[in-house]
Amino acid sequence: MDGNEEGPLMDKRAAGQETVTTALEDNLRAIDIPPRPLIIDRIRDEMMQGDPCLRRVGQLISADVGLAAGLIKTAGSPSFGLRTRVRSVADALMLLGLDVTSRAVAAISLRRAFPNSGHYVRFWDASARIAALSGWLAQEVSLPGLPAADAYTFGLFRDCGIVILLRRLPTYMQTLARANGDTGRSFTAVERAEHPTDHAVVGGLMAVDWWLPEEICQAIRHHHDRAALASFPPDLPTLSRRLIAVSQTAEHLLQQLSGASRTQEWAKLGEVCLPLLGIDEEDLRQMHPGATAIIQTAD
Amino acid sequence: MIAESFLRLVPERSEIIKRKGTASGRFRLRVRAMTGSPPARSDPTTGFHLRNAAPSVVARLFAATDRVPASLCAMWLDLDRFRQVNDSFGYAEADAVIALIAGRIRSVAGERATLLRMGSDEFAILLSAVATPDAERIAGRLLATIDQPIPLGGILLRPSVSIGITWRLAADDPLSLLARADRAMGEAKRQGGDRFVVVAAEPLGATSAAWSARQDLEIESVLHASLATGDLDLHYQPIVRPDGSVEAVEALMRCAVGGRQVSPLQLVAVAEKTGLIVRIGEWILLQGARCAARLRAQGCPTKVAINISRLQLYSESFLGNLHAALICARLPADAIELELTESLFVDASPVVQANLRGAREAGVGLAIDDFGTGYSSLANLKDLPATKLKFDRAFINELPEDRRAFAILSAITRLAGELGMVVVAEGVETAAQLAACEAARVDATQGFLHAKPMSEEELSQWMETRKAR
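Note that the protein sequences, when read in sequence, are chains A and B. Residue numbers for the first sequence, in this note's numbering: 1422 to 1720. Residue numbers for the second sequence, in this note's numbering: 9 to 477.
Source of the hints: derived by calculation from the structure; they are not laboratory data. Just so it is clear, the structure is predicted and the values come from calculations on it, not from any experiment. Careful, some of the hints might be misleading.
Label pairs and their in silico Cβ distance ranges [unchecked claim]:
id	chain 1	residue 1	chain 2	residue 2	range
1	A	N1537	B	G425	50 to 56 angstroms
2	A	K1494	B	A370	39 to 45 angstroms
3	B	D142	A	R1647	46 to 52 angstroms
Quick look at which bits of chain B chain A covers, simulated, 3 or more residues with Cβ under 8 angstroms [to be verified]:
id	segment
4	242-255
5	330-337
Glycine included, each C-beta is placed from N, C-alpha and C at the ideal position.
So here's chain B without its partners, still in its complex pose:
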């Protein structure tokens, strides 16, 4: 069964040959096949053994490690989202990237490793006499090394890889060992990629990961174009107090792909993956600060809340950028509020903690975004440097029918209030939900009931109209 599943993949080889590089390269391979000379055993792009050589190459390693079979380690590597690079840039560029990544694999795996190219974007590494901690260390270094950005066609490609790791069992043949490593890789991919999964013995069940990389790549290219042409846009959604005054406005990034607006969440995910978030993050900080300054100049002083991503907070230049935006916009620090998820507040990284502390000391507000969706911990709440807590819309959706949700909302609102935090309910869409939030004594609410996200110009008008009332 395992051998079959491996063999089933062999016909793809012809596809690999077809895809490879230049016309002359194709021609040479074809001529070899016709004249019956032995097929090429090493892949010209990577210098690794070819897939069809795998059974004999691994069999030789089996013979060499017969005395201590368990010391033979197999890793299966599959580049995440790589098919889209092929589709978008063509095979010559993709081959250049593969060659570069193969060099990175070789530099980490070392001279003693046996390296195989198992598919257009798949590789296997076999290592003798490697114990679990060593294998995990090597896999960790592979993840970190392959992750380095590669400039390609005007964009910065951020490759990542999923790795499956296993060891030879007594009953293994070469193909069953590789197949188990392949399935462990599948599990790593199912968990989101960019990680390794170790499987000691029991084979994993088959996985079927839905792969939306094509759409990601489309968003990525639009983001690149937008950054080059200034086509990105920020919209603002007001957060309203029970007395009708505006507590703050949240800045939300907008970008259309193929005429359809992409959700800010998806935009941020792609921007983080590609490293674009650094530039976009700077741009959003400056635009958000400018908007706050202009609203002030127009007599509508309000805080602007800006979403901050994990990668931004992991950067040592974050505080410098934040201050630069405040200085450029001539804005006092308390006119800006940063929204981040609870997991970032409790992140153990010293850089993240220093950034949060620095922002807070400067007087910038910090809001816990999407509260109630993760593993929210009440015990943590007292230690977080947050000035605001935002209940996630999923929680507000349950109102007013769900009395337990209401009980939690009002209890945590009281608790957060005593800890000096402002409490906001997100996703308020009906008058009944608003009434429930106000009964729970939240400080302010945000949602379509008040206003949808709007352009700065629309926001100004909206605020003017409210002032007139």
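Chain A on its own, in the form it takes in the complex:
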């Protein structure tokens, strides 16, 4: 139900042991945010070796069929920036390199680490579309130092704090509705008026725990922060500001094309986002056909 199955290794375990393990994992999940998948640590261990072995990492990933399929699909998607067709885990590893693979694995593991039922399904579907559009948009604006893989990963992780807070704070659903509708205050200011923290801080904390790069962590922490986007001299690294701009623009495109606009973010942030990407509203309109195709692919 929660989509957090551990792959084929799990099937080989004795039934009794499996129950104990599941109980322990449930217990851990009850008290904690989703722990970083072990596979990320394994890839990092391999990267620390003087002579990392792609084959060994490939074997680790292939041992988890769901992860392997996810990696091939992600690496092959137009959002990830590879022009070549990806047929195997080995292809993906060779084309992406260990660092980006580790990020892709984090992105794929994210959804599996959370419950995947009820209203969460809609949430993750929306995140997946924004991530896909972000990766594609990063290539369309083709700014130096804005990797599509980073834009994609950020798009997925950006709002994971919302899921954590929905599970922790009983009245958070109502807060979300108010934050989405507020035309004056920032999204996080509405959250902070009702709770001691907000989804950007919680998401940033989880990204730090999953060892995502600092620029992505900072972008998560500040993705509703107009002042941080517009300040000069900048408070945030250029990559962080561009990641925020890409994902906000992607979300705006999605809302324009699907006709469903339930947030006020573009009214609050749009005018600082477009200059960060070096485009204007007219450029954006010309992107509509391409964006529509990407949304269909993502679905």
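Got chain A sorted already, so can you dock chain B onto it with the hints?
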């Protein structure tokens, strides 16, 4: 003598040329010297006057300010720890950083200032008709502007500068004025850098600051690598009540540099300097809260004490991070305790006070760390929002022989108890020290006598063993 000391530095010029940028740049400079054409008067990296032009440039300013000599102000700037940037990243990157910082200096000093590059990481600013308050204001802005982080090779370089300020005296020649500013800078550096020192007249004595920046930079790079790979580690040291129960465990950051463990104090100093403390601080809050939650789940409920640095408390996002960690770990606020030094408790910054108040109102415990090492004030004690007072190990070291130390320990323990604080003695290493602490009626003790800092797994086992007893 002064002129000599200045001239002695001139041979370094060849070194500066050697260091500069690209091969073609070197070649050009060398050709100029050989053909006897006048040496370049402005530095290509910064656009400032070169060091060898200093005597004539300053002499011209002297002539222009002859009527009111005292209005000519000289500032000497030396970037802190910059040599290590050269060594670690190479001269091309270092030059790019220098160019950026030179731009910052120019933007603060203004168009009327005369700017000189006096060494690879040293600059002089000369300002006419500037009074003391203006000069101090400019120096303050220089400190704040140069301090902005610069991304370099995957890390965030946090430059800082030491500044010496002086004014022209009647007896000065150009070189003696600069030399006095240089010595004032040396004093600023001796006081720890990242500050300015004003010298009106009397020259300061020579200073010899020991500089351990190389090691700092090494720690910095390891911290960066650790943050990228998840190699940081927290260890926990129990705080034990006289009846043997565990009052709390203190979380301590661990990181090895070149196979040797670096002290948490040194780690925090470097992390603060480089801005890494924000990320590390968040990570420690989350890991500490998770540890407390897991210990609870295992039936060993205990508080986890987490050290909080100055920079964290100066951040407006501190309370949000603290709550995020508590929410993520599903932990009640009273299971966490923050340890901070007394100077932070009395810090006048409204942000610090709001953070302390907010933490306390949420139910998070606040401990005064290292009590007895600074200018501890008993009068302050009644006003601090602290729930715990931790006597520094330096104080406990004196026990049991030093009867005065014992008298202070027992008197303050009684006083703090009446103010509602729990008293802990740190650094308890011998049975005699433990006996003295217990005789002084401290509430709990911490030190190697009970246990050294250990991994979470070792701590769990240690607690299980004690429970079994």
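Hint by hint, here is what the structure shows:
1. A/N1537 to B/G425: 50 to 56 angstroms: At roughly 53 angstroms between Cβ atoms, B/G425 and A/N1537 fall inside 50 to 56 angstroms, so the hint holds.
2. A/K1494 to B/A370: 39 to 45 angstroms: This hint holds: roughly 44 angstroms between Cβ atoms.
3. B/D142 to A/R1647: 46 to 52 angstroms: 35 angstroms, violated
4. 242-255: Since three or more residues must qualify, the claim that chain A covers the segment 242-255 of chain B is violated, with 0 doing so at under 8 angstroms.
5. 330-337: holds (count 6)
Checked against the numbered hints above, the structure violates hints 3, 4; every other hint is satisfied.
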